[in-house]
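Q: Modelling step: build the complete structure from the supplied sequences, incorporating the hints.
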Amino acid sequence: GNSVTQMEGPVTLSEEAFLTINCTYTATGYPSLFWYVQYPGEGLQLLLKATKADDKGSNKGFEATYRKETTSFHLEKGSVQVSDSAVYFCALSAAGGYNKLIFGAGTRLAVHP
Amino acid sequence: DAMVIQNPRYQVTQFGKPVTLSCSQTLNHNVMYWYQQKSSQAPKLLFHYYDKDFNNEADTPDNFQSRRPNTSFCFLDIRSPGLGDAAMYLCATSRDLTGGTEQYFGPGTRLTVT
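Chains A and B are the protein sequences, given in the same order.
If you count by my numbering, then the first sequence holds residues 2 to 114, one letter each, in order.
If you count by my numbering, then the second sequence holds residues 475 to 588, one letter each, in order.
FYI, nobody ran anything at the bench for these hints, they're computed from the structure.
Note that CB positions come from ideal geometry on N, CA and C, so glycine has one too.
Do not rely on the hints blindly, as some may be mistaken.
As the list claims (entries may be wrong) - Listed next, the stretches of chain B that the computed footprint assigns to chain A, with coverage defined by at least 3 CB atoms under 8 Å from CB atoms of chain A:
#1 544-557
#2 571-577
What the hints assert, rightly or not - Here are a few chain B residues that face chain A, going by a calculated C-beta distance under 8 Å:
#3 477
#4 529
#5 532
#6 560
#7 568
#8 581
What the hints assert, rightly or not - 20 Å max Cα-Cα, derived PhoX-like pairs, lysine-lysine:
#9 B:526 <-> A:101
#10 A:101 <-> B:518
#11 A:53 <-> A:101
#12 B:512 <-> A:101
A: This is the structure:
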């Protein structure tokens with residue numbers, strides 16, 4: 002079946018450090034891939050997405066590239082800020098389905114000044 | 475601003491006492507979803523509506539029901555809440571069911587069962 006695996010957290014970084022959160026997926030066909038962010042006590046916000054192989058999604062300094070050959074969609078940011086502290090979810094939407102999102106377990110990021 | 479609204483943000487109910495959670499949207503989207511997110515876990519889809527067509531996930535307990543009286547509103551009914559139903563319930567909408575279409579989430583309702 003379809004699934005998403007994320008690196009376990011928490012990830013603790015100092016401000017301005019480089020961030021990588023690994024995400025790999027298992028799916029038939031060509032799913033769409035997403036990163037969502039959840040701030041404390043809030044719902045999910047779409048951070049970025051990619052709908053086909055080699056696409057790069059980007060937003061607010063975050064980037065992720067859809068790698069079909071490695072079935073990965075790693076999230077990166079060159080310089081994190083305290084305000085980036087949140088839980089990050091990688092997710093997929095399977096091709097030919099009904100846009101159901103399958104989420105990874107989430108990775109908590111804590112950024113310290 | 476177009477948005478997804480959930481009420482209430484926090485709900486406390488007693489074991490076995492029916493409870494209803496509400497979601498409304500101003501996006502005029504065709505699809506509305508309900509997800510359950512237990513503490514420190516990933517959100518899990520319970521069911522969705524495409525217009526008036528209801529689709530239940532295979533592993534959603536019968537205790538969970540939903541109603542969509544019109545395009546804008548969707549309700550989640552828990553007939554007899556158990557302690558294991560304590561969670562954040564997230565409502566989301568999307569324009570259609572095409573894979574890759576963005577889903578817009580509400581802020582969630584945190585349900586406590588005492």
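Q: A separate judgement is required for each hint: does it hold in the structure or not?
A: Now the hints, each set against the structure:
1. 544-557: violated (count 0)
2. 571-577: holds (count 7)
3. 477: Given a least distance of 11 Å, the restraint on residue 477 of chain B is violated.
4. 529: holds, 7 Å
5. 532: This hint is violated: residue 532 of chain B lies away from chain A, its Cβ roughly 12 Å from the closest one there, beyond 8 Å.
6. 560: violated, 16 Å
7. 568: holds, 6 Å
8. 581: Holds, because the Cβ-Cβ distance from residue 581 of chain B to chain A comes to roughly 5 Å (cut-off 8 Å).
9. B:526 <-> A:101: holds, 17 Å
10. A:101 <-> B:518: Holds: residue 101 of chain A and residue 518 of chain B sit about 10 Å apart, inside 20 Å.
11. A:53 <-> A:101: OK: residue 53 of chain A and residue 101 of chain A at ~17 Å, within 20 Å.
12. B:512 <-> A:101: With Cα atoms ~18 Å apart, residue 512 of chain B and residue 101 of chain A stay inside 20 Å; holds.
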